[in-house]
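Q: Listed here are the chains, written in short residue letters.
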Amino acid sequence: MNDMTLTREQREARLEGMGCKRKRVEDIRFTQGKGQYVDDVKLPGMLHGDFVRSPYPHARIKSISTEKALKVPGVLAVLTAETLKTVNLAWMPTLAGDVQMVLADGKVLFQNQEVAFVVATDRYAADDGINAVEVEYEQLAVLVDPFKAMDADAPVLREDIKDKTDGAHGPRKHYNHIFEWTVGDKDLTDAAFRKAEVTIKEMISYHRTHPSPLETCQCLCAFDKVKGELTIYGTFQAPHVIRTVVSLIAKLPEQKIHVIAPDIGGGFGNKVGAYPGYICAAVASIVTGKPVKWVEDRIENLTATSFARDYHMTTEIAATKEGKVTGLRVHVLADHGAFDACADPSKWPAGFFNIVTGSYDFPVAHLAVDGVYTNKAPGGVAYRCSFRVTEAAYCIERAMDILARKLGMDPAELRLKNFVRPEQFPYHSALGWEYDSGDYHTAMKKALESVKYAELRKEQAAKREAFRRGETREIMGIGISFFTEIVGAGPSKNCDILGIAMFDSCEIRLHPTGSGIARVGTKSQGQGHETTWAQIIASEIGIPADDIMVEEGNTDTAPYGLGTYGSRSTPVAGAAIAMAARKIKAKAQMIAAYKLEVHEDDLEWDIDGFRVKGLPEKFLGMKDICWIAYNAPPPGLEPGLEAVSYYDPPNMTYPFGAYICVMDIDVDTGVYKVRRFYALDDCGTRINPMIIEGQVHGGLTEAFAIAMGQEIRYDEAGNVMTGSFMDFFLPTAVETPHWETDFTVTPSPHHPIGAKGVGESPNVGGVPCFSNAVNDAYSFLGATHIQMPHDFWRNWKAAKELGAV
Amino acid sequence: MIPGPFTYHRPESVQEAVRLLGELGEEARPLAGGHSLIPMMKLRLATPEHLIDLHGIGDLKGISREGDHIVIRAMTTQHELLASDLIAASLPILHETALLIADPQVRYCGTIGGNVANGDPGNDMPGLMLTLDATYELQGPEGRRSVAAREFYQGAYFTALEPGEILTAVSVPVPPAGHGYAYEKLKRKIGDYATAAAAVVLTMDGGTVATCAIGLTNLSETALLAEEAAKAVIGTSLDDAALKRAADAARAIMAPAGDGRGPAEYRIHVGGIMVERALKRAAARIRAA
Amino acid sequence: MASPAKKLAISLTVNGQPVDGLVEPRTLLIHFIRESLQLTGSHIGCETTHCGACTIDMNGMSVKSCTIFAVQADGAEITTIEGIANADGTLSALQEGFRQMHGLQCGFCTPGMITRAHRLLQENPNPTEPEIRFGIAGNLCRCTGYQNIVRAIQYAAAKLNGVEFREAAE
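Chains as they are written, first to last, in my numbering: chain A, 1 to 805; chain B, 1 to 289; chain C, 1 to 170.
No lab work stands behind these hints: they were computed from the structure. Hints should not be assumed to be uniformly reliable.
Derived lysine-lysine pairs resembling DSS-like cross-links, with alpha carbons at most 27 Å apart [said to hold, decoys possible]:
1. A:K583 <-> A:K595
2. A:K585 <-> A:K23
3. B:K244 <-> A:K583
4. B:K61 <-> A:K800
5. C:K7 <-> A:K290
6. A:K85 <-> A:K290
7. B:K280 <-> A:K797
8. B:K187 <-> A:K797
9. C:K159 <-> A:K68
10. A:K797 <-> B:K189
11. A:K493 <-> A:K583
12. A:K800 <-> B:K187
13. A:K673 <-> B:K231
14. B:K244 <-> A:K800
15. A:K42 <-> C:K7
16. A:K463 <-> B:K61
17. B:K187 <-> A:K673
18. C:K6 <-> A:K42
19. C:K159 <-> A:K23
The following block holds chain A by itself, in its conformation from the complex (with noise of 0.2 Å):
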C-alpha cells in the first residue's frame, strides 16, 4: 500500500473516503436493469397470492363463500379469518401494542381492508379468484371525522377491545380513544399563558397522505417443511426486526427464519412496518408447501398499506410584545385509522412529536396528544421523517410565521430573536429532549444573504401594491422555515420496537489480500449505502473505498440491526462502521509495531497505513498489514482481522436547515409557481456531497408534493377517493420545482465521525416552507392560516374567502 510514487494527494483521492463525491457503485447494476427487487425473485413452483378487498368501509361479514373461487382454473386455496384462525394468527400485534386483523375478523373497518386471501398457480388465476370469492355484508355507520370520534353517540369501531379501560398507552377515556400522551409542565405553561402579553391560537393540520414508493409493498415466503424452515424475501427497512417478530407471533425457532431484503424501489417510511400480506403469503406457504408471493397493486398501497400524518395540532405561543417566545402549548388530535399500527419506537406512542418546541427557546411548554379510531386504513408510518417529526416541524413554523404577523415582525427577524444561541448548547428543550449541537443564526443568515432577502420582500411589497391597484392578479409569497430535526434512534434507554433495543451493527471483515466485506444492519432503498458505508472504512483505516464490499438486507449474514427509516442509518450505524473499524485499526497497528519494531505509541497514522513517528521511511500500509494478519501475525495474537460493532448511540442527532422559497400564485385560478427554492441543509460532517444533494433534491420534491396536493382523501361515507396516481399527486419532471442546495457544517459531538442524518430533513423543513409561502402570499389579504395542501382549487378558495377573487 505504501506506494511511494503517488503523493499524499494521491494516496488520499485513491481511497475515496468521506468527503469523496464517489459515484455510486449501485448504479453499475441499476442502469442496466440487472437490480435485483423482490418481484424478480422467483423460486420453482412459485404461487401467487392477492386479496379480497371490502369495498365497504364498515361493514358486518355475513359470510364469505370460496365454493366458486376454487372452481377456478389454477386456484388452489382461499384462506379467510376462518382459515388463519386455526394458526391462531387471524390477528396480530402491531409496532404500536396495538392488534390488527390479519383478514376481517367478522367485520371490516375500512374500505379496502384484507377479507380473504387466495392462492394460486400465477397472478393472472389470482385475481380471477378474488373475483369469484362472495362476501355478503351489512353496512354499518361510518365514523370519518376524527373529531366525531369521542361523541357519546358515534359507532363502536373495535368491539375486540369496547370495554378495555387501558390501552398499550395508559387509560382510554371513550371505546373508540386509544392514548392520551402528555408531556411537559402544564402548571407553568398555563402560567406563562396568562402573563402573556401576546398569544395566538390555531387549528393546524397536516393531511394524511402516503409514502407511496415507486415499489409497492411485496414478499415471497418459502417454507421448507423438512428442514422447518422459513425463508421471506421482502420489501423490508428493517428485515432483523421482521425475523423476530416473525418468530415471536408464529411461534418459529429465530435460526429457521431467513429474512431477505434485497434491492427495495424506495421506502419512505412504507416498508417498516408488516402487513397482513406477509402473514398470508406465510401461512399460505406453510399450508400448500409451496413458495407463495405477494405484490401488493398501486391501489392497494396507497389504500391499504400505511398512511402517514393525519395530525390536527391546536396551537398556542405565548409571548411578550417584544416577540420572545415564553410559552407553547399544543393538543393534537391524531387520526390513527382502524388499528394502531404506527410505526413508532415503541414507548413513543406519538414518535418524537415532543421535538415541536423546534429552534427555539421556549422556557416552558406543554403537549398533549389524544390518538383516535376510524374507519380509515391504520398506519401512522414516518414518510420520510423522523417519527412524527415532520408534523411538530409543521406546527411550529406555521405557528411562528402566524405569531410573526400579529407582533408585526418579519418572520426571519422573529426567528433569529428566539433561536437557541450556539453557547446554549447541548441544549435541554422543555419537552426533554437534549440538542447535541446546532448554529441556527449562522445558518438563518447565510440563508437570507443568499437569497437576497430584503430584495425579495421590497419586490413583495411592490408587487402588492399593484395588485391593489388591479395591474396584476399574481401575488408573491415568500416562505421560510427554520427545522431542527432529532435522528438516529436511538440511545436503547429510550428506544426499542417491541423490547427491541434500537442500536445497531457493523461487522468488517478484511481480507489477506487487503480488500473487504462490511456487512450492515441498515437497508438501503435508495440512499446508496453500498457507496457509503465504504467511504466511512477507506477513511478511517486507509482501504480504497473499491476494495470494500457492503452487504445488507440478508439476516443470516448481517449483524443484528434495527434497519434503515428515520434517518437513523448514518447517525446509529454509520457510527458503528467507524467504530468497527477503528477496532481493526487497533489491531493493525499492533501489527505495524511488530513489523516495524517498534512501540505501538511511537506509530501514527497516516492515509493507509502506519508509519514511525520522525522516521517516514518506516511505513507499513494497511494491504500490507491484511497480509501479515492471516499469514505472520506477531506470537500470541490470533490471526485475521475482522471486527463487529453494536453501537449504542448516546444521544440522537439534530441535524437543522434553513429553507426559502418563492412563490407567485394567480388568485383567479389558484395556479402556483415555485419561482425560487433554496435549501440550507447542516448535517455535521458530509460523507459523500453528491449522495447528500440528491437526498435533499429528493425530500425537497416529496415535500413540495405533499405541501401543494398530495393527500389521501376520503369522502363523508369513507370511501378513499385517492386511490391512483391520477389523483394523488406525485409531481412529474415539469411540475418539480428546481432545487438550490447549500449547506453548514455543525459536526455531532457525540458521533464518532461528527455526522447526523439528513435524508429526511428536506420533507421535515420542506413542508412547512412552501406552505409558510402560500399562507405569506394571502396574508396581505387577511390571511391567517390556510389549511394544507394547496393545490389550485384550495388556493382558489382561499382568494375568494378574502374576497380577492
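Once you have looked at the hints, place chains B and C on chain A.
A: Below, chains B and C alone, put in the same frame as chain A:
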C-alpha cells in the same frame, strides 16, 4: 389489476372489423390505443369477451388533405399528429392540443379515433372537434355514414355510434389562413385530465372578431360547444367587457361534477377563465401575425 | 373461434434477439417480458399508465408495457433496459450519465427512465432543459426530484454529440 379473459381478433380491414363487431355483438369491443380500455379491463370494470384490435387495418392510418378538409384516419396517434407538417401548417390548434394530452408514452399509443369516439368528457379532442365543426366518418353493418361532431355526443360515454359501428376517420374543415386559435387547459399535472379547458378558433376583420367558435372540455357530461359565448365576442374588439360576457355565457352551460380537481363551483369559475384566456391568446396570434 | 384461454403464438425481436412465445390474449406485455423472457429490468410501479416504470422501446416508440397486450407485440422490435448498453457491454452514454450525475437512487424507475430518454434523444438529440422535463413527464421518480436526471440526459446528449458537457448554471 389483471384483465379478465377474452378472445383476441386482429382484422385486416374495416369490413372485417365491422363484420366481427356485428357477429359478436355487445360482448365485443374495438381496441385502439387501449389507454382508456385496458386500465378499465385491469380493474375489471370492463370485461369484454372479445377484443377487436384495429392495429392491423392499414386503411385506418394516415393524414391527408382532401379539398378544403383535413382527413385524419382513426388510428392516427397523437404522436403522429404532432409529427405531421400538414397538421402543423393547417390545423395548428390540433398540434397545440395534442401536446397537452397525457404524456409522451401515451401519445405514442393514444389515437384520435379513440379519443373522440369513446365519449369520455375528459378527453381533449371532442371539444376541439366541436370547435372546428369536424365530421366523423362511421362504418357499420349498414354501411358508411357521416355524423357531425356537433351531433355526436349525447352523454358521458354515450354517443351516436350505433352498435357494430366503428369510427374510421375525422374530417376537419381547414380554418381560413390567418385564423387565431388557442387551447387553454388547466390541469393538476402532466397526465391529468382537464380541470377545465377551452378551445377557441376565430377570425378577425380589422380590429373586431368576425367569426368565432368555442369548445369546452370536461365541464359537463360531454364536451360542449359554447355558442352563446362565441356570439358574445363576434363584432367586438375582445375588450374586457366582451371577454367577461363570453366567459359568463360559457359558464352558463357548464355542469361539471366536483372531484379531486375541485368542486363544481371552482371548475365553472376557471372554465370561464380558460375561455377568456383562449380568446385573448387566439386574438394575440392574429395581431402578432 | 378460439377460446379465450387458448394461447396464441407470437414472434418478435427483443434486444436484437428473435423470440417466440405462447401467450394468453390477456397477458400484458410487461408480464411477458418479465415472467416469460425473464427480463426483469422493466418494472411495474402503478399499473394505471402513470408511472412509466414499465417503459420499453417498441418499433421506435416509448411504450408503457403494462397497458398493451403481449399479442399486440407480435412482429415488433423491442428494446428493454437490458438492451441499452453498448455492444461491447460498456455503459451507454445515458447509463453513464445517470451514474455520473447521480440521476438515480433506488433504481426502480431508472430502467424506464433511461429507455424513455433513449428515444427522446433519438428524436431530439439536443434537447433544452424544458424539453427534457416535458419529454420524461411520463416517468415518475420518487427519489431524485428529477434535477439530476435532467443533468444525466444533458450529459448523455453532449457525449453523443461529441461536445463537452457543461453543467447548467445553478
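Q: Give a verdict on every hint.
A: Evaluated hints:
1. Taken as a hint, the A:K583 and A:K595 pair is honoured in the structure, with Cα atoms around 19 Å apart against an allowance of 27 Å.
2. A threshold of 27 Å between alpha carbons decides the hint, and for A:K585 with A:K23 the separation of about 26 Å falls inside it, so the pair holds.
3. For the hint linking B:K244 to A:K583, the alpha-carbon distance of about 77 Å lies beyond 27 Å, and the restraint is violated.
4. Our distance criterion of 27 Å between C-alpha atoms is broken by B:K61 and A:K800, whose separation comes to about 48 Å.
5. A distance of roughly 26 Å separates the Cα atoms of C:K7 and A:K290; the hinted pair therefore holds under the 27 Å criterion.
6. With a C-alpha separation of about 21 Å, the suggested pairing of A:K85 with A:K290 holds against the 27 Å cut-off.
7. Note on B:K280 and A:K797: the hinted pairing holds, with a Cα-Cα distance of about 25 Å set against a maximum of 27 Å.
8. Of the pairs offered as hints, the one joining B:K187 and A:K797 holds, with about 17 Å between alpha carbons and a cut-off of 27 Å not exceeded.
9. With a CA separation close to 59 Å, the supplied pair C:K159 and A:K68 exceeds the 27 Å bound.
10. A threshold of 27 Å between alpha carbons decides the hint, and for A:K797 with B:K189 the separation of about 19 Å falls inside it, so the pair holds.
11. Taking the CA atoms of A:K493 and A:K583, the gap is near 25 Å; set against the 27 Å cutoff, the hint holds.
12. In summary, the hint linking A:K800 to B:K187 is supported, as the alpha carbons are separated by about 20 Å, within the 27 Å threshold.
13. A distance of roughly 34 Å separates the Cα atoms of A:K673 and B:K231; the hinted pair therefore is violated under the 27 Å criterion.
14. With a CA separation close to 18 Å, the supplied pair B:K244 and A:K800 stays within the 27 Å bound.
15. A threshold of 27 Å between alpha carbons decides the hint, and for A:K42 with C:K7 the separation of about 23 Å falls inside it, so the pair holds.
16. With a C-alpha separation of about 52 Å, the suggested pairing of A:K463 with B:K61 is violated against the 27 Å cut-off.
17. The straight-line distance between the Cα atoms of B:K187 and A:K673 is roughly 14 Å, inside the 27 Å bound, and the hint therefore holds.
18. With a C-alpha separation of about 25 Å, the suggested pair C:K6 and A:K42 falls inside the 27 Å cut-off, and the hint holds.
19. Proposed proximity of C:K159 and A:K23 is supported: the alpha carbons are some 18 Å apart, at most 27 Å.
Against the hints set out earlier in the document, violations occur for numbers 3, 4, 9, 13 and 16.
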